[in-house]
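Could you build the full structure based on these sequences and the hints that come with them?
Everything in the sequence shown is counted per the numbering used here, starting at 1 for the first residue and increasing by one.
Source of the hints: derived by calculation from the structure; they are not laboratory data. A quick note: this is a predicted structure, and the numbers were derived from the prediction, not measured. Hints are not guaranteed to be accurate.
[Stated by the list, open to error] Cβ pair distances, simulated, as ranges:
1. T43 x R12: 40 to 50 Å
2. L36 x S15: 26 to 36 Å
3. S39 x I18: 30 to 40 Å
4. T35 x S15: 27 to 37 Å
5. F42 x T22: 28 to 38 Å
6. R12 x F42: 41 to 51 Å
7. L34 x N14: 26 to 36 Å
8. V13 x T43: 44 to 54 Å
9. L33 x R12: 26 to 36 Å
10. V13 x L34: 23 to 33 Å
All C-beta atoms in this analysis are idealised placements derived from N, C-alpha and C, irrespective of residue type, glycine included.
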Amino acid sequence: MGFSNYNRNGHRVNSQIIGTSTYWRFELWTSLLLTLNYSAKFTLT
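Below, the structure is given as structure tokens:
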């Protein structure tokens, strides 16, 4: 009983970590692309 409860809690925490890491990666890529896009426009003009 106690072990299955711990397993469920561990899975929840694990999925939270995976979700946040994916979100951070998405944030990083969008900021990077925006910066590249901005610098490209700046050099072209």
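### Query
Which numbered hints does this structure break?
none
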